[in-house]
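Asker: Listed below, chain by chain, are the residues.
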Amino acid sequence: MAQKIYAGKTVDVNEEGYFTNPSQWTKEIAVEIAKEEGIVLTDQHFAIMEFLRNKYNSGEALSIRSINHSGVIDVKTFYQLFPGAPLKKATKIAGIPKPASCI
Amino acid sequence: MEQKNPIKKINLICAKGAIEDVYATLILGNGAVMEGIETNIFFTFFGLDAILKNRMDKLHTAVVGNPALRLPGGLRMPTLLGVIPGMESFTSWMMKSEMSKLDIPPVSEFLDLIVAGGGKIYACKLATDMFKFRKEDFSEHVSDILTVGQFYELSGGEGSHIIFT
Numbered sequence: 416m417a418q419k420i421y422a423g424k425t426v427d428v429n430e431e432g433y434f435t436n437p438s439q440w441t442k443e444i445a446v447e448i449a450k451e452e453g454i455v456l457t458d459q460h461f462a463i464m465e466f467l468r469n470k471y472n473s474g475e476a477l478s479i480r481s482i483n484h485s486g487v488i489d490v491k492t493f494y495q496l497f498p499g500a501p502l503k504k505a506t507k508i509a510g511i512p513k514p515a516s517c518i
Numbered sequence: 612m613e614q615k616n617p618i619k620k621i622n623l624i625c626a627k628g629a630i631e632d633v634y635a636t637l638i639l640g641n642g643a644v645m646e647g648i649e650t651n652i653f654f655t656f657f658g659l660d661a662i663l664k665n666r667m668d669k670l671h672t673a674v675v676g677n678p679a680l681r682l683p684g685g686l687r688m689p690t691l692l693g694v695i696p697g698m699e700s701f702t703s704w705m706m707k708s709e710m711s712k713l714d715i716p717p718v719s720e721f722l723d724l725i726v727a728g729g730g731k732i733y734a735c736k737l738a739t740d741m742f743k744f745r746k747e748d749f750s751e752h753v754s755d756i757l758t759v760g761q762f763y764e765l766s767g768g769e770g771s772h773i774i775f776t
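Heads up: the protein sequence lines correspond to chains A and B, in order.
Going by my numbering, the first sequence opens with residue 416, and the numbers climb by one from there.
Going by my numbering, the second sequence opens with residue 612, and the numbers climb by one from there.
Bear in mind the hints are in silico, worked out from the structure with no lab data behind them.
One or more hints might be untrue.
Stated by the list, open to error - Simulated DEER-style distance windows between Cβ atoms:
id, chain 1, residue 1, chain 2, residue 2, range
1, A, K491, B, D755, 16 to 22 Å
2, B, E720, A, A422, 35 to 41 Å
3, A, P512, B, K746, 43 to 49 Å
4, B, P617, A, D458, 30 to 36 Å
5, B, D755, A, S516, 27 to 33 Å
Only a predicted model underlies this, so the values are computations on that prediction, with no experimental measurement involved.
Here a beta-carbon is modelled for each residue, glycine too, at the ideal position from N, C-alpha and C.
Here chain A stands alone, though its shape is the one from the complex (with noise of 0.2 Å):
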């Protein structure tokens, strides 16, 4: 298992630096690691990487389309927030495992 540091903090990655410990994970931590991928976050970004760490907490899988139900932003604007590959970047950003769904 690979370690990563963060705004000071020492982190327990995987080998594609999703967090395996998601309750090591930090607002200060997520900045820096949005900066790794191009991303200045705002406060809709920290509102929906919340509704992703809550559902990953409760055992929920995670979907794109589980995001139009998230009452934060709609899927268009998901895409928007996190470029490319949004489910992904939003997950690696917000600290828990990579999304193991097709949809």
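Since the structure of chain A is provided, determine the placement of chain B on it from the hints.
Answerer: Frame of chain A; chain B shown alone:
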């Protein structure tokens, strides 16, 4: 897992209109969009049912001549049973309810997701003419009605792939 020659563009062709044919296309298409891959989906012949406003959410699966079809429990479904009235509707309803348990959306919502992520949906001109459909019969997500030549043109480029589902 950095690949040397990553897929940059996916061009899917859907020519059939049964639930499983259409969903194979939509899942592959949406999956490509989610990965940040440029995505075009070209619907032709019976595949057009997937983008027709009044048919897209009423697709069926074939119960006659479908040797892979199983009854709940795993027993093979005899083709003869498929001719019983209501069997096709029931099977199609079962398929849809099992899919929705996995958070797989209805066709119309699936198109919403694909287009929201920048995917493009096209209809085949020849099939549209043949079935006498008009542009307004199609979902608003259909960006254009294309000839085969135009489809090949937009499918071009390095790292681009055409998949016939």
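Asker: Next, verify each hint and record whether it holds.
Answerer: Hints, verified against the model:
no., hint, verdict
1, A:K491 with B:D755: 16 to 22 Å, "20 Å, holds"
2, B:E720 with A:A422: 35 to 41 Å, "39 Å, holds"
3, A:P512 with B:K746: 43 to 49 Å, "44 Å, holds"
4, B:P617 with A:D458: 30 to 36 Å, "33 Å, holds"
5, B:D755 with A:S516: 27 to 33 Å, "30 Å, holds"
Taken one by one, the earlier hints all hold for this structure without exception.
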